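Chain B: place on chain A using the hints.
2 protein chains.
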Amino acid sequence: MTPGTVPFALILLDTASEGLKVPLAMLMVFAAAKLLAEIFERIHQPGIVGEILAGVILGPSVLGWLSPNDVLSALADLGVMFLLFRVGLEVKPSELTKLGPTAALVAACGVLVPMVMGWGIVSLWGQPQIEAVFVGAAMVATSVGITAQVLASKGLLQERASQIILAAAVIDDVLGLLVLASVSSVARGQVNVWEIALTAALAIAFVVVVALWGNHAMGKVVPRMQENMKVAEAEYALAIILLFGLAVLAVYVGVAAIVGAFFAGMALAGKVGQRVNDLVHGAAELLVPFFLAGIGLHVNLLAFRSSSMILLAAILLLAAIFSKFAGCGLSAYRLGRTDAIRIGVGMIPRGEVGMVVAQIGLGLGVISENIYGVVVFMAVATTLVAPPLIKIAFLTTESVSPISTGATSTT
Amino acid sequence: MTPGTVPFALILLDTASEGLKVPLAMLMVFAAAKLLAEIFERIHQPGIVGEILAGVILGPSVLGWLSPNDVLSALADLGVMFLLFRVGLEVKPSELTKLGPTAALVAACGVLVPMVMGWGIVSLWGQPQIEAVFVGAAMVATSVGITAQVLASKGLLQERASQIILAAAVIDDVLGLLVLASVSSVARGQVNVWEIALTAALAIAFVVVVALWGNHAMGKVVPRMQENMKVAEAEYALAIILLFGLAVLAVYVGVAAIVGAFFAGMALAGKVGQRVNDLVHGAAELLVPFFLAGIGLHVNLLAFRSSSMILLAAILLLAAIFSKFAGCGLSAYRLGRTDAIRIGVGMIPRGEVGMVVAQIGLGLGVISENIYGVVVFMAVATTLVAPPLIKIAFLTTESVSPISTGATSTT
Numbered sequence: 001m002t003p004g005t006v007p008f009a010l011i012l013l014d015t016a017s018e019g020l021k022v023p024l025a026m027l028m029v030f031a032a033a034k035l036l037a038e039i040f041e042r043i044h045q046p047g048i049v050g051e052i053l054a055g056v057i058l059g060p061s062v063l064g065w066l067s068p069n070d071v072l073s074a075l076a077d078l079g080v081m082f083l084l085f086r087v088g089l090e091v092k093p094s095e096l097t098k099l100g101p102t103a104a105l106v107a108a109c110g111v112l113v114p115m116v117m118g119w120g121i122v123s124l125w126g127q128p129q130i131e132a133v134f135v136g137a138a139m140v141a142t143s144v145g146i147t148a149q150v151l152a153s154k155g156l157l158q159e160r161a162s163q164i165i166l167a168a169a170v171i172d173d174v175l176g177l178l179v180l181a182s183v184s185s186v187a188r189g190q191v192n193v194w195e196i197a198l199t200a201a202l203a204i205a206f207v208v209v210v211a212l213w214g215n216h217a218m219g220k221v222v223p224r225m226q227e228n229m230k231v232a233e234a235e236y237a238l239a240i241i242l243l244f245g246l247a248v249l250a251v252y253v254g255v256a257a258i259v260g261a262f263f264a265g266m267a268l269a270g271k272v273g274q275r276v277n278d279l280v281h282g283a284a285e286l287l288v289p290f291f292l293a294g295i296g297l298h299v300n301l302l303a304f305r306s307s308s309m310i311l312l313a314a315i316l317l318l319a320a321i322f323s324k325f326a327g328c329g330l331s332a333y334r335l336g337r338t339d340a341i342r343i344g345v346g347m348i349p350r351g352e353v354g355m356v357v358a359q360i361g362l363g364l365g366v367i368s369e370n371i372y373g374v375v376v377f378m379a380v381a382t383t384l385v386a387p388p389l390i391k392i393a394f395l396t397t398e399s400v401s402p403i404s405t406g407a408t409s410t411t
Numbered sequence: 412m413t414p415g416t417v418p419f420a421l422i423l424l425d426t427a428s429e430g431l432k433v434p435l436a437m438l439m440v441f442a443a444a445k446l447l448a449e450i451f452e453r454i455h456q457p458g459i460v461g462e463i464l465a466g467v468i469l470g471p472s473v474l475g476w477l478s479p480n481d482v483l484s485a486l487a488d489l490g491v492m493f494l495l496f497r498v499g500l501e502v503k504p505s506e507l508t509k510l511g512p513t514a515a516l517v518a519a520c521g522v523l524v525p526m527v528m529g530w531g532i533v534s535l536w537g538q539p540q541i542e543a544v545f546v547g548a549a550m551v552a553t554s555v556g557i558t559a560q561v562l563a564s565k566g567l568l569q570e571r572a573s574q575i576i577l578a579a580a581v582i583d584d585v586l587g588l589l590v591l592a593s594v595s596s597v598a599r600g601q602v603n604v605w606e607i608a609l610t611a612a613l614a615i616a617f618v619v620v621v622a623l624w625g626n627h628a629m630g631k632v633v634p635r636m637q638e639n640m641k642v643a644e645a646e647y648a649l650a651i652i653l654l655f656g657l658a659v660l661a662v663y664v665g666v667a668a669i670v671g672a673f674f675a676g677m678a679l680a681g682k683v684g685q686r687v688n689d690l691v692h693g694a695a696e697l698l699v700p701f702f703l704a705g706i707g708l709h710v711n712l713l714a715f716r717s718s719s720m721i722l723l724a725a726i727l728l729l730a731a732i733f734s735k736f737a738g739c740g741l742s743a744y745r746l747g748r749t750d751a752i753r754i755g756v757g758m759i760p761r762g763e764v765g766m767v768v769a770q771i772g773l774g775l776g777v778i779s780e781n782i783y784g785v786v787v788f789m790a791v792a793t794t795l796v797a798p799p800l801i802k803i804a805f806l807t808t809e810s811v812s813p814i815s816t817g818a819t820s821t822t
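Going down the list, the protein sequences come from chains A and B. This note's numbering numbers the first residue of the first sequence as 1 and each following residue consecutively. This note's numbering numbers the first residue of the second sequence as 412 and each following residue consecutively.
Pulled out of the complex, with its shape left as it was, chain A reads as follows (with noise of 0.2 Å):
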């Protein structure tokens, strides 16, 4: 093309590139984990890890046709969001609760042995205490969406085992917030226990709060509103202002947003109609593969050039692995081997949360750049091994006592 036809070209090109970014983007990240969704349920895998490999294949380790970005990530955050509001919608609070003791042991045992575990191994590699303790800190968060994804597909929210795990990774969060609190103050040389008590006392109050007089408060809220609004799907634009008005409150007392989404679905279950069920599924469907995908393109495999960092990520991976599983594992297990092995597997997960924990690490400069590859690995690794472990646990095996037969599908 000579110069004199480029001016023409040229801001064809600019409105166009300008334009583009958004469709593209959508269109590639939602076409892909679909695609590779379905992929994996024709030969019997979870769709799940078809659609967070989809991210790592479009990412830097493979394809390098997309990086993380704001719009990405804000899409990945609204994804999980929506996730475990959806999530919340099918689980009833009072059962929830009931389960809350057995929830805090899994909980407890399941953030000690990883910690344990995480620290133990980064210090006999020979890498400085306080990076050793933060990599230990980093396989502490189970990332609940990946599991409850995988239940809800299945229709398995309302096994007992699925509820202990939705409560202990509640409580996981909470404690994940606590150590994460600790050990970030150790690393500035500073422990202040009374700020550490106070952001404790702070979290358990809203969890605590929000989970035992959501629902009964909304029961009261939700008719009174739908007879008085006018404004078209009043009850469904209800529902997202809980939903993201608790995830700022839960973001405000320390927690995860997505703790927040979770609780404003858990207020909600039972008093919206099915219209707003079905409402959110739809926002859900196309905002969640980019969570799932969002994870993946995390990941970048060009990172792992020496073959010690290679073998260090495996030992790490196992042991994310095997310290969920034994610790959460364990602790369940006067509720029978069957639920203990479906707890077991289901906090293994470790997702977007390890990955926040390795971020602060490295922006504190007590995590290097090698480790913070390995965790990430860690993280993404745990998510894509655990959704066919969970299938299997869940149904391959009876459980002895579930909760409730009748589990409604969300799919």
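Rather than coming from a laboratory, the hints here were simulated on the basis of the structure. Bear in mind that the values here come from a model prediction, so they are computed numbers and not experimental data. A hint or two may mislead.
To be verified - Once the Cα atoms are required to be at most 30 Å apart in a straight line, the calculated BS3-like pairs of lysine-lysine come out as:
(1) 631(B) - 271(A)
(2) 230(A) - 565(B)
(3) 21(A) - 509(B)
(4) 682(B) - 154(A)
(5) 641(B) - 154(A)
(6) 682(B) - 631(B)
(7) 682(B) - 565(B)
Leaving out everything else, chain B in the frame of chain A:
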């Protein structure tokens, strides 16, 4: 707080603020939009005006809490795509193409009259010719999203006037592309007639092929996919992929992404089940407020420092309203006075399209900051003025010959 206690608080704040950004922005925009929509519905005004005003209030003009950013504009883009997709799902392509000739005339007059008036006013104002031409171009493109949302929410999409508005808006977009391409190449001092002709041919071919054969093709593809696909909500996944696929293709051939989204909906109209309609509705209800509030966010009333700019803005706004009303209304006069008025007011909103043209002019250095502010004001103000007028034109007058009286409400 003493320096010794800062680090721990800081790390929590750091983590919090990062995780807070997305849910807080979602909460602010969505809640403000729905609150104002509710207030407007109660005073018997269209809720859509409230949602746009929510953006004005949150934006730099009033509160200054939010300004346009990558994430919000991506959500706005998704919002308007889902809006047009949902509208397309309710349109029967055969009826739309029957109205083609009338729509083409409406579109042509609706491009010519505003273009000439905008150019004339800014010329008389004493601005350079090229700036006047660009303002004229910015007054051309109808923002069909606004009108479509009002019509859909009142269940009026099946009226003859509605269908002509939709068809004319698509043709308008193609004509607007050509105007923009020509004006831009003039601004760069180079006019290549062959490239403009090629652009026109490509855009027209896309519109004709997808509008005529899309629905027929989907009638064959969807049932086959439904039978064979194993992934959950396969039909919805397919619809979303078609939506983004045609949006990307539309941008490649030069027309707006929303034209592709509209065609994707039209291709699937009557070929997918009610379930897909419900799920699309769920995504649209979440995202559309971001499109509407996003329009309002772009207004910066603080830019109007001089009274002469306020006067010019008022004159251009009146011209923008009058030129579309007269140009489109008169060219549809043979359908009777009622339909002519309906079509005239339905084509008034400029919204995001006018802003994009003004932005390109700004980028080329042919539009000054002052005139840019005036054009943005014109674009937003037309979207605020139009919905009440549309409501009056459609709901207080009886159409002589509606295509179908069984209007299907989407709300």
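| request: Return the numbers of the hints above that this structure violates; sort them in rising order. | output: Hints 1, 3 are the ones this structure does not satisfy, whereas the remaining hints hold.
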